[in-house]
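Q: Order-wise, the sequence lines are chains U, L, G, R and E. Taking the working numbering, the leading residue of the first sequence gets 1, the next gets one more, and so forth. Taking the working numbering, the leading residue of the second sequence gets 383, the next gets one more, and so forth. Taking the working numbering, the leading residue of the third sequence gets 700, the next gets one more, and so forth. Taking the working numbering, the leading residue of the fourth sequence gets 986, the next gets one more, and so forth. Taking the working numbering, the leading residue of the fifth sequence gets 1222, the next gets one more, and so forth.
Since the hints were derived computationally from the structure, they do not count as laboratory data. None of these values were measured; they are calculated from a predicted model. Built from N, CA and C at the ideal position, the CB exists for glycine as well. Everything hinted at is true.
Straight-line Cα separation of at most 30 Å, DSS-like style, residue types lysine-lysine; simulated pairs:
1. L:Lys494 - R:Lys1117
2. L:Lys461 - U:Lys107
3. L:Lys515 - U:Lys173
Covered stretches of chain G, as calculated for chain U (at least 3 residues, CB under 8 Å):
4. 701 to 707
5. 817 to 829
6. 907 to 921
7. 948 to 954
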Amino acid sequence: GGSNETGGKDNKNPIKIGVVTSRSGAVEAYGTQEINGLKLGIKYATGGTEEINGRKIQVLVEDDAGKADEGIKKARKLLEEEKVDILQGSASSAVAQAIAPLAEEYKKVFMVDPAAADEITGKNFNKYVFRSARSLSQDAATGAKYAVENLGKTFFHIAPDYVFGKSSAAAWKESIEKSGGKVIQEEFAPVNTQDFTPYLQKAIQSKAEVLIITWAGAGGATLLKQVNELKIAEKMKITSVIPDIAGIKSFGDAGVGMQGPAPYYHALPQNDVNKWLVENHQKEFNSPPDLFTSSGFVAGVALVQAIKKAGSTDTDKLIAALEGLTVKGPKGDYTFRKEDHQALQPMYIVKLEKKQGVDHLVPVLVKELSGQDTAPPVTVKK
Amino acid sequence: MGEKLFTNKILIAVVLSLLVLLPFVSDSRFLLTMMIQVFILAVYGMSYDLLLGYTGIVSFGHALFFGTGAYSVGILLSKTKEPGLLPLAILIAVAMSVLVGVIIGGLSLRVKDVYFSMITLAFAELFFIISEKWSSLTGGNDGIPSIPVPAIFRERIVFYYMALLFLIAMYLFLRRLVNSPLGRTLQAIRENEHRVESLGYNVLQFKLLSIVASGVVATLAGAMWAIFQRYVNTSVLGLDRTVDALLMTIIGGTGTLIGAVFGSGVITFAHEWLSSLSTVHPIFERWLLFFGILYIVIVMFFPKGIVGTIRDRWIRR
Amino acid sequence: MSLTINLLLNGIALGMLIFLIAAGLSLIFGLMGVLNFAHGAIFIWGSYIGWTVYGLTGSFILAVIAGTLAGIGIGWLMERFFVRPFYGNHVAQILLTLGLMIVMTELIKVVWGPIILGFEKPELLQGVVTILSDPFPVYRIFTIGVGILVLLGVHFMLTRTKYGIIIRAGVQDPEMVQALGINVRKVFSMVFAFGAGLSAFGGVISGPSFGSIFPELGMQNQLAAFIVVVIGGIGNFVGAAVGSLLIGVMQTFMAYYLPDAALAVNVALMAIVLMLKPEGIFGIRR
Amino acid sequence: MKTLLKAENLQTYIGQYHILQGVEIEVKEGRVTVILGRNGAGKTTTLRTIMGLTPPREGRVIFQGEEIQGIAPYEVANKGIGYVPEDQGIFSDLTVEENMKLAMRKNEKATQDRLEFVLTLFPDLKIAWKRKGGNLSGGQKQMLSIARAFVNDNKLLLIDEPSKGLAPIVVEKVMESIRELKKHTTIVLVEQNFIMASGVGDDVFILDDGHTVYRGEMDEFKQDDALKKKYLGIGV
Amino acid sequence: MSNPLLETRGLTIQFGGHVAVNEVNFQLKPHTFKSIIGPNGAGKTTFFNLLSGQLKPTAGSVFFKGKDITKLAVYERTRLGIGRSFQITNVFPNLTVLENVRIAVQAKGGVSFRLFSHYRKFHQFEETAVRLLEKVHLAAKATQLAKNLSHGDKRKLEIAILLALEPELLLLDEPTAGMSLEEVPSIIEVIRTLKDSGDHTILLIEHKIDMVLGLSDSLAVLFNGRLLADGTPQEIMNNELVQSAYLGGLYEDAVKS
Ligand SMILES: Nc1ncnc2c1ncn2[C@@H]1O[C@H](COP(=O)(O)OP(=O)(O)OP(=O)(O)O)[C@@H](O)[C@H]1O
Ligand SMILES: Nc1ncnc2c1ncn2[C@@H]1O[C@H](COP(=O)(O)OP(=O)(O)OP(=O)(O)O)[C@@H](O)[C@H]1O
Ligand SMILES: [Mg+2]
Ligand SMILES: [Mg+2]
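Just chain U, with the same shape it has in the complex (with noise of 0.2 Å):
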């Protein structure tokens, strides 16, 4: 493929940027902001016109069910069928990854979003993907520095038993040892399991300081619930990744107390981009933006001031524009480092608290972190 094909003067192609991601499935709900964080960022950085220099912006959604074989066959589609310039997606890590080789064959930008597993811009790395979501590793970099000094040095973990929950649990160890905390003991529990209890037993028994429980979707509700049925509390310290709007929702008063890194909070962010966003956002959508709608936006962002920067949608024009890019978004600066291109930005430490006329507990800021305090090692093979 190619951008040879230049339409009229008064006619441009549009750019079209194809995004693969969950519009069903489990993760559904991460695809949804996604997208809507996506087309903000792209309102925002053209200022409303959704267009640069003339050729309007296209944004292309196909669906991925969470399923990686789905992805590479409306990966394909959008490739092949609708000749997209740019990939983005998805709200699954294993579909990001499956998709990932083929950015390379058809040689398009792939940018990532919110897919978090390491290998993306690690192990499985190719030139022609970016990231705009923060990683695993900079969870646990944010976390883990915190926790050491802040809450215990010793660090029972419990996550989920499938390569999110062991690479998640990987970083985490890494990050604490690299702070000076051991982590003792790593418990994988089956994704749909109803009774935590003997992994809660054996927390207990294990005498840490403090509990690291990873997540994602369903099963971190049930989980957190059981722990503060069992007072797991008044035995050690708890630290998680704080997720969206509904899974903070689904913690009820269960979590209140709880410390953790947050990728995104639309309340924590001082700043104008953001301002914009939650304004626009609630305007559009009738909500505030939520976990994935920010790293969607920065997508859009990023992409429009790299084609603006690139002045086409060459592909190799665009990886040298986004390669060490920076732009602001709405944790304030998000740069693109060239090694991984993994995007380095802001984390926070929060603390869930009640607050009166919300109805749910609000993560409030504890330690906002800089990008670099926060960068993960670089794991691409040279």
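Based on these hints, arrange chains L, G, R and E with the ligands on the given structure of chain U.
A: Then chains L, G, R and E with the ligands, alone, in the frame of chain U:
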């Protein structure tokens, strides 16, 4: 009767030549992709029909075989980075599936009816779990990306014809099989297992044979799938895969073989079409809803599947 | 010792929770022989209706009643329009109920959105009691109690009334049951609706136990329900309860002592039971 | 004599097959009406059509002056028509006890008495009381099937080949009991065993190819060797 | 005297507390026709099930041609030459009448594992099947599905399937129950011809006493699971217990003749 057979043949010839000509009349590479998927899944569906429609076995573990094929190709090629080893990978796949078929079949065939279905489901789940846990080998849910397949298979048009050929070959093989004395025995087993036994047939042996034959075909389909996608993850072993086989067979019509081709076509295209409608109207963001309704409608109004129903009409006329 | 007892108690509680999920299926699949792959959907609809009514009224009892009634209604419609033509035809049932599963799950997303909802325990049932120095949630004691009540109630209905016999006979030869002067259709409708109500009831009761509900939760628990019914012996209600307890206790102990195998407990247990006793623990060889 | 049941011009289809093509039956109250005919003549289908199991496309079934074609089988049964199907229709997973329990429409004294009566008629059933229906011997199944029909207060009994599989002495007992029952119940009997048919029958209908080809009184028919030869192929 | 073709020693089966077949010592000479009579529930069918392998005895053994076959599976016994028909009709409901018989002929043909040849290649099977259907008056219904047959016709099909196996030993369980009066004689004729052809041995369970008397070389009587008597028809008919407990008054004429 003879006339019907003749029209039947004409129909098949027309459809076949359309399929052969398709790459020349359509420049849509995506359409070819879809058709390739239809062909490969159709083979997988037909293999299931051998069990369900001809032997009367309801297996909930058919994905086991599909996954065996896909993983054999995926693991061997990606670990060795040696595309030339594809024939070996397929050979290994077939050998593995025979082994798996004999072992699983041997362990579970003494169990009857729904119990058999459930035990096959248990085995498939166990395999699924192993593939999730043994991620150093399988990549778990993240899978094995960019499987290095021989360059020729990356040519979409070439692969299209290969897949078509594969479908035709497997269809002919299975048709032969169901019309052989062996196939006839299987059908009798479907009807009345105990009576077949008292005719002097060793039912267990025949059922095992059916499982292995169907397993080998499903394995080949799985191998083709891995070559086609150049990607494998645990979903090839998931329950959804088995359900796919079931859906294709039933929608097309059990005990018809060719029905699976229709089933595969309906599922693939309905899926694609409905999921792309979300831009038309927001209600289609819930496209699965309509997909579910489609299933229901097909089962309610074509209880014998597409081909089965057409056949019935035909006979009545 | 205290650990073992604690694990055992938790295992029993989990088992009873699984039983509540499986009880409705045990009637519909076990007794009526309908492979109901929409069971999980009825179950989760119960949860959602219960959640809504609980939120609106603040009364958990009303939530349970509303959820159960909704289940009965869904079951009745389902039987009347979808299941009735396909008694005895397992293959069609699978496909049809799978379709219903998808449709009903998606409808939940249309109504409530595709997100997770927190389901709080009623005040009265919050908190823990201490058993041998370990805390044990009150709600689990509640589920154990409810499970036992359901078991006894349904067991009574099946053994002391004619319904159990009519269903078993009707599954084999509905024509002959009719010829004996029994409106077998009506009985089937009623029992199906009752089973669906039971599923939805399980959905409401287990909602707070999970702590949160989401549309796919039904699908997730469905397999466990099927496994329990099969392990216990299809058609045996008491067997389903025993199977549930077995699975609950096994899961709990495995999670503690051999967590790597926790994922495989259910299916492995089923495979072993079936290979040793092909008709399930309480099943009868045909 | 009063007519209890009348079937007029029964036209029954199964699928696309036209099975009954105008069957006519008339059953007089208090008598035993025997239906004869070769295999595949439509005897069973006639009984099933009366029961509502294979409703007729055309024609009428009049029971006690009321048209009952087209109503559900359980309603037919509840009008007081008992049915003993040719394949016994035993529920194999149910015990003999449960089979009987299922059949007993009412649980009153009279029903209990009748239960006593059938258990003395077929003592085998008492022995096998807790056995599964599927484990019974062929003859025992037949007994159970008959017992199920006898235990209710029926106005009309449709019995399809009761003698099949029964030992001679039991056949004799069944014949006796039918003669006994005749006092308060009317009976339609399909029977291949001519000894039995002629032993208890009062009226006779012969079906062939879905048509009624003969009707008359059993006493006449029994004597008429030509008729017997013509319709039943029985040698003289 | 020739060795018995079939012999049982102490053959016993117990269901729960109920002994259905009780220490039966039984012999069947080759090329003879023996019938088994006895009250309902006496254990006749169960005895057949033990011979053909559907049931395994709790005690005792079965010998066929001097060989102990007690442990053999159903299909192995069939291959040795023991064929049976069933009291409760047992056919292939969704196959055609012809295919029902053809599949049995094929079993005898030993080609069942051939998967690459078309079944119609073996047309001799089909011809045989058609011939057999003619014998039992079912040729006209060859293309119907077996489930659509009337009861009596199914019984005929049952017999055709058995004949197709050409077993050395035929176990017939009330073959004519439900068959119409006019057809019974010709079916009996078929069985009689088999016997007369000399290479078959026949064991028949039947309640139609007149039929039994006409066909059998000898009669065995089962009572409550025990072998009560075994002898010529005349001997058996004169047995008082048989008369009072089995035959009743109805068949007095038949016995006297
Ligand atoms: N389901 C069916 N589909 C097609 N034809 C059928 C079906 N059931 C019965 N028939 C046909 O209807 C005819 C009448 O059958 P029916 O069972 O009434 O005969 P019958 O007189 O009772 O015979 P028998 O003495 O053998 O019991 C037969 O020719 C049979 O083949
Ligand atoms: N599986 C079983 N479990 C319990 N009892 C059984 C089982 N099978 C048979 N019986 C009992 O064993 C006895 C013998 O049955 P069998 O079928 O052999 O009788 P039969 O002599 O063939 O009688 P009929 O002439 O009525 O066919 C019967 O009383 C029956 O109830
Ligand atoms: Mg009949
Ligand atoms: Mg018998």
